[in-house]
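Enquirer: Below are the chains, spelled out letter by letter.
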Amino acid sequence: MTDLVYPVAILLAGSLVVYIVARVSGSKTLTGAVALIALMLSGYVMYLLSGGEGIGPPVPFKGREVFVSFELNGLAIFMAVVSLGLAAVVALFSIGYMHEKNIGKYYALLLMMTAGMVGIGLAADLFNLFVMFELMSLASFALVAFEDDWEPVEAGIKYLLLSAMGSMVALLGIILVFTHTGKLSLAELQGTQYALLLKPELMLGVAALFIAGFGVKAAIVPMHTWLPDAHSAAPSGISAMLSGMVISAGLITMIKALSVLHGIDLRLVLPALAIITMLTGNLMAWVQTDLKRMLAYSSIAHMGYILAGVGVAFSAPGVAALDGMRGGLYHILNHAIMKGGAFLCAGAILTLIGTRDLKEMAGIGRKLPLVGICFGIFALALAGAPPLNGFISKLFICKAAIMLDPWGFILVVMVIFNSLLSLFYYLPALNKIALAPEMSEKVKQAPDHLPACMVLAIFILALLTIALGVQPQLGLDLVQPAAAFLAGIIQ
Amino acid sequence: MWSAYWITVIFLFSLGIYTLIFRHNLIHLIIGIEVMAKGLCLAVLVGGAQHAGGVFSVSQAIVITIILIEVATTAIALSLVVAAHRHTGTVDVAALRRLKG
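Chains as they are written, first to last, in my numbering: chain A, 1 to 491; chain B, 1001 to 1101.
These aren't lab readings, by the way, just hints derived from the structure by calculation. These numbers were taken from a predicted model, which means no experiment stands behind them. Treat the hints with care, as some may be off.
Calculated pairs, SDA-like style, for lysine to any residue (alpha carbon to alpha carbon, straight line, at most 25 angstroms) [unchecked claim]:
1) Lys199/A x Val1091/B
2) Lys101/A x Leu1078/B
3) Lys444/A x Leu350/A
4) Lys101/A x His1085/B
5) Lys367/A x Ser440/A
Now the in silico label distances, taken between C-beta atoms and shown as ranges [said to hold, decoys possible]:
6) Ala1061/B x Pro447/A: 51 to 57 angstroms
7) Leu420/A x Thr1008/B: 50 to 56 angstroms
8) Asp405/A x Ile1021/B: 36 to 42 angstroms
9) Ser27/A x Ala1049/B: 53 to 59 angstroms
10) Ser1057/B x Leu370/A: 55 to 61 angstroms
From the three backbone atoms N, C-alpha and C, an ideal C-beta is built for every residue, glycine too.
Here chain A stands alone, though its shape is the one from the complex (with noise of 0.2 angstroms):
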C-alpha cells in the first residue's frame, strides 16, 4: 500500500512536467513555482510514509524481485529532509538567478538530480544505491556544464571523466561483493551468514575500491581535483546543491556500501584521509582570490570534518559509533545550510557586479546591507564561530574524536587547528564583502535592488544557521534517528 517508489517518482515526474511547462509557457517564474511544487508534494509524500510524527520500524518496499528494494529509515528521512529543503531554496533563488532561456532543462536536471538524493537514502540493496548515485551524478555532469562557455564545459569534461572512472571502481567493489555471495541486499549482506563467504583479503580489495570509486564524488584529496573547477564553473544555485549536497551524498552512499563489509579495520584510514583532506582544503582556500573557488576548496575542508567524525565511528564501533555519526551527520546538515548560503551570496554577487573576483568585492554590503549581513553569518558559521551551527557540530565531531584512544587526540588538535586555518581566509572574505567602507569601481556602478525571491532564499538560510547555533536540538532530532540507524549498520 505504502510504496517507497513514490518519493523519486514524484521527482522524476516532475522533471517531465517542469520541462513541458518551461516549453508551453516560457516564464521561468512558472517553471521555479512548478518545480517548488514538486519537490513540497515529494516530501509530503516522504512525511505520509514515515507515519505523521517520528520514525517507524524500517519498511521493506514489497520487491517483486530480488535486487530492487528500498527501505524507510532514519538515513532516508535525513536525506530527504536535507536535499528536499536544500532544493527548494536553490529553486527559489534560481527564479531570480537564471535567464529564461533553457529554463526548463535547468529545473527539469534539478528535479532529477534531488530525486537521486532522495533515492540513495532510501535504497536498501547494493546496486539499487549505485543506479540512484548514478542518476544524481548524470544530472550533476549536464548541470555544471549548463552555461555554454569554455570554462563551464572544461569543468564539466574533467569532472565527468573522473567521476565515470569513480563510479566504474565502485561498480566493481559492488560486482565482488556480488560474485561472491550472489546476494545484493544491504540487510542480508550485514548478516554474519554472508559476511564469512567474503575472505578477509578480498574485504580490503573492496573497501579499497569503495573508498576510491565513491571518494571520487565524496571529495576526498586525492580524488578532489574536480571539485574546484566544477563548484566554481556551475551556476551559483547549483554549487549550492553539489557543496552542500551532492559531496555528502557520495559519502553517504560510501558509508552505505562500506557497512557490508563485516568486521573490516579502517582504523587508520578514514582518520588519516580525513586530516589530509582538510588540511589541503583550507591550505588551497587560503590561496584563492576568486570567491566561489575559495568556497569550493572550503568544501573539501568541511568533508575532511564530516570524515573525522564518520571515520570515528568506523574506527571505534563499539564506543564511538553513535556519537561518531551524530557528529557527521549534523556537520553534514549544518554544511547543507551555511555552504548553500555562502554560494548563494556569492551568487547575488556575482549577478550584481558580474565578477568572482574578491578584490572587485569591497563595499558591496554597504550597498546591499542584507547580503553583506547573510555572508558574514555563513563566513563565520562556516569557520567555527560559536553561537552558530558550524561550531556546534564541530563540537560533537571533537567529543566523538576524543574517545578514539591513540589517534583521537591527533584528529580533535587537527581539527580545532582547521577551523583557526579557515578564519585566514574567511576573515578577510568577510571583511571585504560585509565591512569595507569604500567601494570599488564595479560595485559604484551595480544596481542596487536583487530579486525578492533571490533575497528571500539567502534569508531563510541564513536565519535556520542562526536557529539551529542556538537551538541544536532542532537538528538532533533529524540527526539522531539517521545516526543511530548508521551506527547500526556499520557494527
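Starting from the structure of chain A, add chain B where the hints point.
Expert: Same frame as chain A, but now just chain B:
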C-alpha cells in the same frame, strides 16, 4: 573454466584504465570508460552464473541497467566534447588546461 572469463574481465577493465591514463584524445577517453563498463557487464554475468537459484536472472537485469547508465553517461560526455570542440577547435585534453589553482 571460469578463469578464462575472469581473465577477459581483467583485460577489458585494465585496458579501459590504461586508455584513461595514457590517451589524450577525448573520444578515446570516452571509449575507455565504455570498455571498462563492458568488462564489468561480463563480470556481473560470470559472477551471477556461479550461483544457483535465480541469481543469474538478477545479473541479466543488472547488465541491462549498467548499459542504460553507460549510454546516458556517453551521451552527456559526447555533447560536452562537441561543446569543447566548438570552444577550442580540438578534441585534445591538453587544450583543456586553463583552469588552475
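Enquirer: Return the numbers of the hints above that this structure violates; sort them in rising order.
Expert: 1
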